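Colleague: Produce the complete structure using the sequences and hints provided.
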Amino acid sequence: MTNPFRQHFQRTVAATAARGTPASVGGLRDDSAYTLMLAQLDEHRRALKAVESLERKADLKRQFLPAYDAWVAGVLDGAAGAQDDVLMTIMVWRVDVGDYQGALEIGAYALRHALPLPDQYKRSTPCLLVEEFAEAALRAHRAGDAIQVEPLVEIEQLTATADMPDEVRAKLHKAIGYGLSASDPARALDHLRRALQLFANVGVKKDIERLERELKNSANGGQSGPGG
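Anchor point for the sequence shown: position 146 equals 146 in our numbering, and the numbering is continuous, going up by one each time.
These are calculated hints, taken from the structure and not from any lab test. This one's a predicted model, so the numbers in the text were calculated from it and none came from an experiment. Misleading hints may appear alongside valid ones.
[As the list claims (entries may be wrong)] Straight-line C-alpha distance at most 27 Å; calculated DSSO-like pairs for lysine-lysine:
| # | residue 1 | residue 2 |
| --- | --- | --- |
| 1 | K122 | K49 |
| 2 | K61 | K49 |
| 3 | K216 | K205 |
| 4 | K206 | K216 |
| 5 | K122 | K216 |
| 6 | K122 | K61 |
Modeller: Have a look at this one:
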């Protein structure tokens with residue numbers, strides 16, 4: 001367990017490193033603190049690679065993540081925008097374990113500075129954020145759990161002008177639509193229609209029909225109520 005003094009020290013070191021002068025090639029840095037964090041990340045990646053169960057991988061990530069909290073906070077404090085593979089990997093891990101607010105904090109910073117992901121992810125940062133957030137929400141929906149709409153809407157706003165496959169953005173609108181269907185069916189319908197417009201096979205046609213019926217019935221009921 002990282003003690004408070006060590007966390008403060010690590011955060012300060014990370015902020016100082018982030019404000020340092022980037023190397024001349026690709027905005028990368030070559031400082032000892034960052035090298036140590038990369039070494040720790042490599043060790044944790046090896047541990048994850050030895051595990052086949054996705055559930056077990058998520059459990060391990062939950063165990064590993066606190067070791068990076070101070071580093072992430074320091075980099076965000078420094079706000080230099082230098083490429084940081086540790087930071088970007090932790091962003092993905094936070095999504096994987098359901099820490100959407102924590103992932104958003106890094107995601108907003110990464111998008112603001114146009115930071116790319118480490119090579120193994122093979123996607124742009126906006127595309128990964130949209131797809132991972134949407135997939136997580138849709139998994140929750142399939143499991144019968146409530147969808148956290150606010151992070152999805154924030155991701156939609158942060159990536160509104162980013163280029164990505166239409167199928168990926170369609171998933172996000174589908175997830176938002178599902179999340180709003182009970183509380184705001186009219187707005188949910190707009191998102192589901194947009195999802196269908198982007199990708200014909202997104203799988204929302206029946207949901208659209210259901211919401212259209214519900215909204216029509218609600219409108220008819222309102223007209224026939226007292227004083228109508």
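Colleague: Give a verdict on every hint.
Modeller: Tested hints:
Restraint check for K122 and K49: the C-alpha separation of about 18 Å stays at or below 27 Å, so the hint holds. With a C-alpha separation of about 12 Å, the suggested pair K61 and K49 falls inside the 27 Å cut-off, and the hint holds. Between K216 and K205 the alpha-carbon distance is near 17 Å, which keeps this suggested pair within the 27 Å criterion. For the given pair, K206 sits about 15 Å from K216 by alpha-carbon distance, which is consistent with the 27 Å threshold.
Note on K122 and K216: the hinted pairing is violated, with a Cα-Cα distance of about 44 Å set against a maximum of 27 Å. Proposed proximity of K122 and K61 is supported: the alpha carbons are some 21 Å apart, at most 27 Å.
In summary, the structure is inconsistent with hint 5 from the numbered list given earlier, while agreeing with all the others.
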